[in-house]
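Protein chains in written order, with my numbering: chain A, 1 to 43; chain B, 1001 to 1445.
Please note: incorrect hints may appear among the correct ones.
[Claimed, not checked] EDC-like mimics (lysine to aspartate or glutamate), calculated; alpha carbons at most 16 angstroms apart, straight line:
#1 B:Lys1331 / B:Asp1169
#2 B:Lys1149 / A:Glu3
#3 B:Lys1197 / A:Glu3
#4 B:Lys1375 / A:Asp40
[Unchecked claim] Chain A side only, calculated, beta carbon under 10 angstroms to chain B, not exhaustive:
#5 Ile2
#6 Gly4
#7 Leu6
#8 Phe7
#9 Met8
#10 Leu13
#11 Gly20
#12 Ile21
#13 His22
#14 Ala24
#15 Glu25
#16 Met34
#17 Val36
#18 Leu38
Hints in this document: simulated from the structure, not taken from any laboratory. Source: prediction; values computed, not measured. Glycine included, C-beta positions come from ideal geometry on N, C-alpha and C.
Spelled out from the first residue to the last, the chains are:
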Amino acid sequence: MIEGILFMLDILLMTLLCLGIHRAEKAPADEKRMGVFLYDDVQ
Amino acid sequence: MRDLMVASFLVILVPLAFYRPFVAYLLWGWTALLIPTNYLYGFLAGGRFNFLFAILTLVLVMFGRVKGVPYQFNRTTGLMLLFTVHVSLSVLFGYAGNPHNAYYYEIFLKAMVYCLLAPLFLTTRLRLHAMLLMVALGFGFHGVVIGLKLISSGGGHIVEGPSGSMLYDRNHLSTALALALPILYYLSMHSARKWVKLGLLAAFGLSAFTIMGSGSRGGFVALAVTGLWLVKTSRRKFITLFVVGCLGILFYAFAPESWLDRLQTIEHAEEDASFVGRLIAWKISSAIAVSNPLFGGGLHAVQVQYVWDQFVGSQGLLGFISTPLPTFSAKAAHSIYFEVMGDLGLVGFVLFIVLLLNGLYARREIRRLLAGTGKRYQWATDMADMLMLSVVAYMVGGLFVSLAYLEAIYMVLVIIEMLRQYALKIVAIESGRPAVPGVPVMRAP
Chain A
1 MIEGILFMLD
11 ILLMTLLCLG
21 IHRAEKAPAD
31 EKRMGVFLYD
41 DVQ
Chain B
1001 MRDLMVASFL
1011 VILVPLAFYR
1021 PFVAYLLWGW
1031 TALLIPTNYL
1041 YGFLAGGRFN
1051 FLFAILTLVL
1061 VMFGRVKGVP
1071 YQFNRTTGLM
1081 LLFTVHVSLS
1091 VLFGYAGNPH
1101 NAYYYEIFLK
1111 AMVYCLLAPL
1121 FLTTRLRLHA
1131 MLLMVALGFG
1141 FHGVVIGLKL
1151 ISSGGGHIVE
1161 GPSGSMLYDR
1171 NHLSTALALA
1181 LPILYYLSMH
1191 SARKWVKLGL
1201 LAAFGLSAFT
1211 IMGSGSRGGF
1221 VALAVTGLWL
1231 VKTSRRKFIT
1241 LFVVGCLGIL
1251 FYAFAPESWL
1261 DRLQTIEHAE
1271 EDASFVGRLI
1281 AWKISSAIAV
1291 SNPLFGGGLH
1301 AVQVQYVWDQ
1311 FVGSQGLLGF
1321 ISTPLPTFSA
1331 KAAHSIYFEV
1341 MGDLGLVGFV
1351 LFIVLLLNGL
1361 YARREIRRLL
1371 AGTGKRYQWA
1381 TDMADMLMLS
1391 VVAYMVGGLF
1401 VSLAYLEAIY
1411 MVLVIIEMLR
1421 QYALKIVAIE
1431 SGRPAVPGVP
1441 VMRAP
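All chains, full assembly: derive it from the sequences and hints.
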């Protein structure tokens, strides 16, 4: 049960990370579009 | 249910990986660390996701879909290439009939190809940060799941990593998780969203709890070193001390007596049969190295019965410690150092140590390079500190486990190198001269 929920959460988070990278690197590149995984002190 | 979810995400991620090769590269690394097939029981149970994303990345690289900076060798990738050639020769010239050669060589080679491609991908802060997140989502997952199982079972759950993988053994898993802890800590320090920070801190705590609950003494020593180093070097000493202190108090307050009893055996290691067994395995591994100094005996040769029998009773490099004649059959080297020594000979051992020390030295260089840049690149020095701590945790935990071919350590070493390249670029931009002769100064990455 715990394992199943966390496994699906992990896949969801990885997907969000990949989508975030795609959005942030799209022209015009904008790191702020990284989404949930944005890092601090973005200029 | 899980299979359906994975299938639906593959529908999104595979086309995205085609469009953006860095996504394919990340998914290759993530599937290597998470081993998703281990958690699937339906129609995707035999799916070769790691192979899929590895092939996809390589195809995209070959067809020139990776745009940006031209490929440039650096110190670490050069050393890795040399090490790969050496391992290949060891496999070729090692003892015949070694069934472990194929298994470990495949894992090692995949890790090396992955790391050798890093200069094409890890070129910006965004990508370095994403790479660490990938490691956290891949490795951290095991720590979180097992940590929660330990809590829900009141410490009764038996700690094991993904079956059929190198991490199945609790000692291996503990060392691997100790390596992931500094990465989780760095990400919690430098994530912008509060709930992401808290989630990563929770993953840090649960992974530390898993190491303690595994009863692995090597893992515990690696954890203790990581905790002390974090407190010593952290810029936020009070918060770090609070987190590490809370974990320690919680452990001693709630740990079952059997866990504490096992850890107390560290004090009397020389009387422990398991420790004496390791000493014997170290002696035999070093004897193989002395007998085959150039290329060693091949991967995990010490575990091959006829090789073991050939060297049983040899003192190797540890003749100054007396041990009884073993009554057990061939066993693993139980130390990354003696593992490499026996497998790859003294030359391979030197290469391995140089590779690890190069990672530690790179942190020093990064700090020196960015010393005059103020708070703007504080994240980079923090990242260098934490990655170095990951290497230290591996080097300490690795004293007692055979994990020399763990993909994650090579990933960490190549990330430090790419961070060093980034720091070199920053310095070049600030001073207005090219970091690499012939390559023009570009905009801030």
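Here is how each hint holds up against the structure:
1. B:Lys1331 / B:Asp1169: 14 angstroms, holds
2. B:Lys1149 / A:Glu3: With a Cα-Cα distance of about 9 angstroms, the restraint between Lys1149 of chain B and Glu3 of chain A holds, given a limit of 16 angstroms.
3. B:Lys1197 / A:Glu3: 22 angstroms, violated
4. B:Lys1375 / A:Asp40: 12 angstroms, holds
5. Ile2: Result: holds, 5 angstroms to nearest chain B Cβ.
6. Gly4: For Gly4 of chain A, the interface hint holds, since the closest Cβ of chain B sits about 6 angstroms away, which is under 10 angstroms.
7. Leu6: Holds. Min distance 5 angstroms.
8. Phe7: Holds - the Cβ of Phe7 of chain A comes within 10 angstroms of chain B, reaching about 5 angstroms at its closest.
9. Met8: 5 angstroms, holds
10. Leu13: 6 angstroms, holds
11. Gly20: 8 angstroms, holds
12. Ile21: With a minimum Cβ separation of about 5 angstroms from chain B (threshold 10 angstroms), the hint on Ile21 of chain A holds.
13. His22: 5 angstroms, holds
14. Ala24: This interface hint holds because 6 angstroms falls under the 10 angstroms limit.
15. Glu25: 7 angstroms, holds
16. Met34: 7 angstroms, holds
17. Val36: 6 angstroms, holds
18. Leu38: 4 angstroms, holds
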